[in-house]
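There are 4 protein chains.
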Amino acid sequence: MAKVFDHAEVAQHNTAESCWVILYGNVYDVTRFLPEHPGGSKVILQLAGTDATVEYDPIHPPGILEENLEPSDKLGTINPDTLPKEEKTPKETGEVQDEGPVDLDSILNIDEIEEVATKQIPYKAWAYYYSASDDLQSKAFNGNVYRSILLRPRVFIDCTRCDTSTTFLGHQVKLPIYVSPAAMARLAHPDGEWGIAQACEKYGAMQIISQNASMTPEQIVANAGPNQVFGWQLYVQNERNKSEAMLARMNKLAACIKFICLTLDAPVPGKREHDERSKNVAANLPVRATTTTTVQEPQSQSLSKTSTKPKTMGMGQSLFWGTAADLTWRTTLPWLAEHTHLPIVLKGIQTHEDAYLASLHAPHVKAIILSNHGGRALDTAPPAVHTLLEIRKYCPEVFDRVEVWVDGGIKRGTDVVKAICLGARGVGVGRAALFGLGAGGTEGVARVLESKSSFPFLVVGFFFLGDWGRSVWICVANVWEIHSS
Amino acid sequence: MAKVFDHAEVAQHNTAESCWVILYGNVYDVTRFLPEHPGGSKVILQLAGTDATVEYDPIHPPGILEENLEPSDKLGTINPDTLPKEEKTPKETGEVQDEGPVDLDSILNIDEIEEVATKQIPYKAWAYYYSASDDLQSKAFNGNVYRSILLRPRVFIDCTRCDTSTTFLGHQVKLPIYVSPAAMARLAHPDGEWGIAQACEKYGAMQIISQNASMTPEQIVANAGPNQVFGWQLYVQNERNKSEAMLARMNKLAACIKFICLTLDAPVPGKREHDERSKNVAANLPVRATTTTTVQEPQSQSLSKTSTKPKTMGMGQSLFWGTAADLTWRTTLPWLAEHTHLPIVLKGIQTHEDAYLASLHAPHVKAIILSNHGGRALDTAPPAVHTLLEIRKYCPEVFDRVEVWVDGGIKRGTDVVKAICLGARGVGVGRAALFGLGAGGTEGVARVLESKSSFPFLVVGFFFLGDWGRSVWICVANVWEIHSS
Amino acid sequence: MAKVFDHAEVAQHNTAESCWVILYGNVYDVTRFLPEHPGGSKVILQLAGTDATVEYDPIHPPGILEENLEPSDKLGTINPDTLPKEEKTPKETGEVQDEGPVDLDSILNIDEIEEVATKQIPYKAWAYYYSASDDLQSKAFNGNVYRSILLRPRVFIDCTRCDTSTTFLGHQVKLPIYVSPAAMARLAHPDGEWGIAQACEKYGAMQIISQNASMTPEQIVANAGPNQVFGWQLYVQNERNKSEAMLARMNKLAACIKFICLTLDAPVPGKREHDERSKNVAANLPVRATTTTTVQEPQSQSLSKTSTKPKTMGMGQSLFWGTAADLTWRTTLPWLAEHTHLPIVLKGIQTHEDAYLASLHAPHVKAIILSNHGGRALDTAPPAVHTLLEIRKYCPEVFDRVEVWVDGGIKRGTDVVKAICLGARGVGVGRAALFGLGAGGTEGVARVLESKSSFPFLVVGFFFLGDWGRSVWICVANVWEIHSS
Amino acid sequence: MAKVFDHAEVAQHNTAESCWVILYGNVYDVTRFLPEHPGGSKVILQLAGTDATVEYDPIHPPGILEENLEPSDKLGTINPDTLPKEEKTPKETGEVQDEGPVDLDSILNIDEIEEVATKQIPYKAWAYYYSASDDLQSKAFNGNVYRSILLRPRVFIDCTRCDTSTTFLGHQVKLPIYVSPAAMARLAHPDGEWGIAQACEKYGAMQIISQNASMTPEQIVANAGPNQVFGWQLYVQNERNKSEAMLARMNKLAACIKFICLTLDAPVPGKREHDERSKNVAANLPVRATTTTTVQEPQSQSLSKTSTKPKTMGMGQSLFWGTAADLTWRTTLPWLAEHTHLPIVLKGIQTHEDAYLASLHAPHVKAIILSNHGGRALDTAPPAVHTLLEIRKYCPEVFDRVEVWVDGGIKRGTDVVKAICLGARGVGVGRAALFGLGAGGTEGVARVLESKSSFPFLVVGFFFLGDWGRSVWICVANVWEIHSS
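Residue numbers (my numbering), protein chains in the order written: chain U, 9 to 493; chain Z, 9 to 493; chain B, 9 to 493; chain R, 9 to 493.
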């Protein structure tokens, strides 16, 4: 039977020499694990000797603890009566602040969704979602490029028959809009990635699950509808066996998860300064203040001896820990074929040359995603629309061989129309879904995907965020005539 | 003889089960009509049991009440002594606020007209006039495109003989500027569309009457001069017989109304967020506060039972209610020919392809209007100047077959010169007329159209808003040389 | 002998029926002249019955009074002891405000000259100098176009021999920079146009005298150096005999005045809103307040009877009064040849077509000035650099036939280099000279023209405003390679 | 033995007739030297009769005093007890202000380095570093041009092997980034140019020493590592023998100094208005206030007699004093060859024509630096990237004959990638190093050069400022496809 600890005893183990933490009522010795923690040891040491559940929970999927610790590291349970009754403000704990219920119907566009969410979610969640590389040039390009494309509306088109449904890799969906793989959804709302799945089910949208999701794939697909479509995003790990284990796990979920989405646009983590700065903000949490006080005690000397200058990282960097940078056309696709029979989608294509190379791997590769990782990887990388235009010009046969999806900067129904008219099969939205979650949980995501009207397009009919669709109706098929302003 | 009601009795009928309103001293039972109201039931329920005349009057033309209610719905008259003497502020009632008389001569340009009007007219009128789709990109393009075209003034041209007159469809007018069909003029000023007509008569300008005018066509043309030219704008209704009735009515007014202007650029209503938000502002009117109080009474429960979440819409959406989205080249023009012998003007052409198609329907179609609906329909639709340049390049024969009119963004005399030099026969102004009305009623519209000088152009001579004309004199005919900055 | 009046008697003649004013100690009856006043009758009526010298003086050259009045209109002299000792603030009287001496050496560029002058000169002077047409687009283009041209500096060029001198129409000058004809210099400083001439003499710069100068040509050239070069700007009057008289007067000054500069870019006055608004500001002067008080007296009734709504104009419009709009190639040049043997310079050429036509009139026409009148005539007219580039492309032979001068937007030495490299013989500065006058009288203008260094150019060497020159040294001759940014 | 003076005696020699100053405890008579001082006599006269060490020290390298004065000018030493104990604020003395230690790790980019330094360094240091010519257009172009070039990242590239090392003129370096010759480093921090050298040694970066360094070349290279690479920047002096003496001195340092960098882009000093204005700020120093007081004494009359208006200059101008403007291809390179056998690097090439001419002088000329002098020489000169593109287009053979280096506007690792992909061998950073010094002395410069990751490029692998490198990884080799946004 597990030993029961008093908080006072746990509190003494707050150094790099002996580091205990309380999680979900259990007491763990994480001393051995400290140097292996993807997020750096400092962030754990700041919580050493305390109940870290509130900080730990929203950014770690269930099971990850057991995966990384030995059974013997679990020392016992905590006597809850001995825990201090400290008052943490919602901001400090990272919980959603209660500013009264949000009237989702009063939110009219994606910018407003972001505005509402920004007020509600913890600072570090905002910093992680909002951040992009360097000077945020590519993030800005992503949005502005759609503003610079004018539509050419035709008249006398019967707009009464409309169908926004389409297929991705042969799977029927009701919207040409899917949710991109976006990590750490529970930072925004406890509904997390499961909540996104629920909203997608409601509107028939596809969802790609991030490898860095804050819930397990099994949890996310738990209530999936019979025709709901998911993909799973793979960051190949330096320790390939870890990736192989994940692929094996996906194979078991193949009823829901229809493809593997291999991420190619981030061989190294992006330089996201908002995210990096948020670690300092986090450093001002009361829990850390406690640790800091302790640091002035004798024990802290041994702490500083072991790691004089503990290295911290932004969320983005710590999630990236362990990702392989040695992928090649020659080695990676065959390795994937060995470990999964699911179709492959290549995410992060940014030149027509690579789009062409990818298309040569059809039908193993069934789709490519033109993406600059939301501007979060390499700043001044081109927006997806540029690559789409390149493919149209230099190698249009790509469209015949693989499906071309795009993401980045989609905020209006007209943006979706433009992408599709230029050859995309569908578009992904990432931040919009996360901010929707932050604005109203599952219902907030639903508001992002909501559509109320229907009408036809020459290419395909659809619309976006509630009433937005009304302003979008006809776009000529001969897109090479699209005029830049 | 009509029964006389006390206000107390009327006030009890303030639910969806029994909804009475007082209008112009009469008491009506509108319970049956609630679900049919184009603006939604909620806006009526907010005024249920009260005297709604002030809210109703400026946005409904006379006769519309009788058209929609049964004779039996008129219950009797109100005893005015029983009405509460509530103090409504001008802002609340939507009446023009008195900030002292405006010196119209001190207004030097269209932007100042808008500025003055914005201060004077009710918020919801401003929101309806000002609003455009989505991010207001097309509205901004409309104006900026003229700034990006430079004139090439010639010297040693005798500028003493000048004539700004021209013809539209063969009808003589004194200005190449007409007032576009703009709805809800009485929101800005009681003079309404009739006031616009008076100002047009003063300066010999043409006017196109909106189907959604806040006065009847008969009222608007009531004091028309012998040579005054009007057109009437048709939004084809899903119930075609309603449109056919309107066309029959126009045929009787053919002494004044010289053509039917068929609107093509709005098969679905635009997403005008300023307008949509103004409904919430309107929801703060005291009259609604009263209703809200009532809502907490037992009756309100039955209200919420019937329509738990009454849907409201912006002005633009509610005006749009019932408009047909199934117009086609093949069906609509023949149908029109059956019901009117008036010439047809097609409004909302936005590509040279459609301009060309329209020109094939001459002489039934006598003119086309290049318009993106003032940026109010599809955002990122091209400004009229783009389409004008397309026609010049790809199918200049269009200019020989039909007259080409343009609207959107015209604010300076130089804008008019540029449009005409590029091939337009004339230009329409919409918001400028409405804001002129808001700034000073009939005289305000006159100030917009006023011109004091005259001098010649190689193409056609004219000028704009009083002294503006002075800065405009010569523009070369070889417009293909116009330089973008 | 002249009668001596008391102020009390003069003060009674303050209506349109009997309007007296005191000027330079004399009493005049200007009743008859009221309707002929180029600036409108209202501006005189506002000063009726008072001593108007302070308002009159800076905007009227000597002799103009005698030219316009009959001898009998001069009634006598005023008894100065009877004049009220009213305290006029410098702002009100239009005198230069004393904010302490300006250290001209601390002014480093033209923008700072304007900034200093703006603080010092009366509001109506600022409004007249600063104003340009409509939205000030052309004024802005004039400056920005030079920012958009990059220089291509060469290395290993010996920069020790430098000569900024050049010739205009064969006359030697020390700078390729001349002062453009700019009106109403005494509004800025009592030194007026004479002060500008003194500064030009100091640095060997040419000056073109405005027909609307606030001093007579004779006064302006009074202290001219033996080699000082002037031109005189002609606005042809509707009453040709007035222009002919002026030309005869210039013929007598031919020792100094070397050419006639015919203005072509303003057949009608520009719409300068800043200038128009300043009339309202002027209307708040105490002197007018006095008149306004009088207006409430019985006499004012007769005033309002005669001219119920006296029309006022901005300075620009009133100066323009009487200018002919019927000039043509066929009639105007021969008429000029009849009345002067001075060479002709055509100012206001804005297209290569007109530059070409002008060059066919060489050698009668010896130079053309590419100018959009400082953006003060037609808004969105092209900057001179555009026309220069057009000529280079379509008809470079123009450069061989006539000298090409440019003005508008010159603020840096690099601007001068660019204009000359593109084919201009020299450049004019207008506002800079007026603001220099405002900043420091004659010395302020000198600061604008000052140059301290000298170094060579492939084309011609020179520099601008004191130390500015240092930053300008080499510009390649093959200007067709100039790159736009 | 040297005479010992009391301060009271020295203080009397504060005029142009007899001007003594105290420096490093010695008393000097600088009366004779006054008119020769490159920075003008006024700046010395402001300090006449006082201890000028604090003002003198950071802007003069050791030895310069002895070089310019006669032995007899050194009068003796000061009795330190007689010196006034005046309280100078750090701002006044120009010392670094203590705002607490800066956490260099928290600085994430070059803009933040500049921000931190700006708060810490004296105003005149900031003004000298920050300033650029005229309107700072070229300075702005330098940075913006990199933002307008988009990268085209390739996928499936093995990024695990990375080497940022390269060679300059055959010398191995670890970074393709060198420190440009930047003057007056001790204004920012006492570590000065020596500190920059230490930081360069730490990261294997090359450094070019400015002729106007605030330390002697011997001091700067004092602790150079065995493989550390330096160049020395020559401004040819009008008195050629001075330059020849310097070249001889460099020949002796040839173990460290591997080339002579001849500056060509500043035949005359730039017009740097921020720098010029800072002299006025300096004029408010208390020491000057003292002088000013003295000026009202009789002695001041003789002062004003000798030099009624002492001329002051900005730092940039005074450093420039004596620089030759008569360099030519024909004369200068042969003269250089006579006086040094070190390879020549030509700095300031701004056109492809001159790049081509320079390449004809290989192998004497071994490299060219495309530079507009940080925007500090001729405003609206082109950014180096323009010239790089010109060379690629018109004369790519230049790349085969000489190394092409670029500087100006480099702030991100992506900027370095772009320059190299376009053909540059390496890039220089000037202001970044100086501001790094201001932010944290030697460690601050190290932070600028720091790099933590490594990964390969098709062209060459490298990165910049710490974590920046992470966002930069792949850039295609076929750079002619680089897209402008």
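Hints may be right or wrong, so weigh each one.
Here are the simulated SDA-like cross-link-like pairs (lysine to any residue), alpha carbons at most 25 Å apart as the crow flies [to be verified]:
(1) U:K127 with Z:H347
(2) Z:K374 with U:R162
(3) U:K250 with R:K374
(4) R:K374 with B:L116
(5) B:K250 with Z:C167
(6) R:K50 with B:K401
(7) B:K93 with B:L116
(8) R:K50 with B:L116
(9) Z:K210 with Z:E226
(10) Z:K260 with Z:R162
(11) B:K401 with R:K127
(12) R:K127 with U:K127
Ranges of calculated distance between the beta carbons of each label pair, as one might list FRET restraints [stated by the list, open to error]:
(13) R:K210 with U:D89: 36 to 46 Å
(14) R:N246 with B:K210: 25 to 35 Å
(15) B:A230 with Z:T175: 57 to 67 Å
(16) U:G178 with Z:N259: 52 to 62 Å
In short, the hints are calculated from the structure, not lab data. Positions of the beta carbon are idealized from the N, C-alpha and C atoms, including for glycine.
- Numbers of unmet hints, in rising order: Numbers 1, 3, 4, 6, 7, 10, 11, 12 and 13, in rising order.
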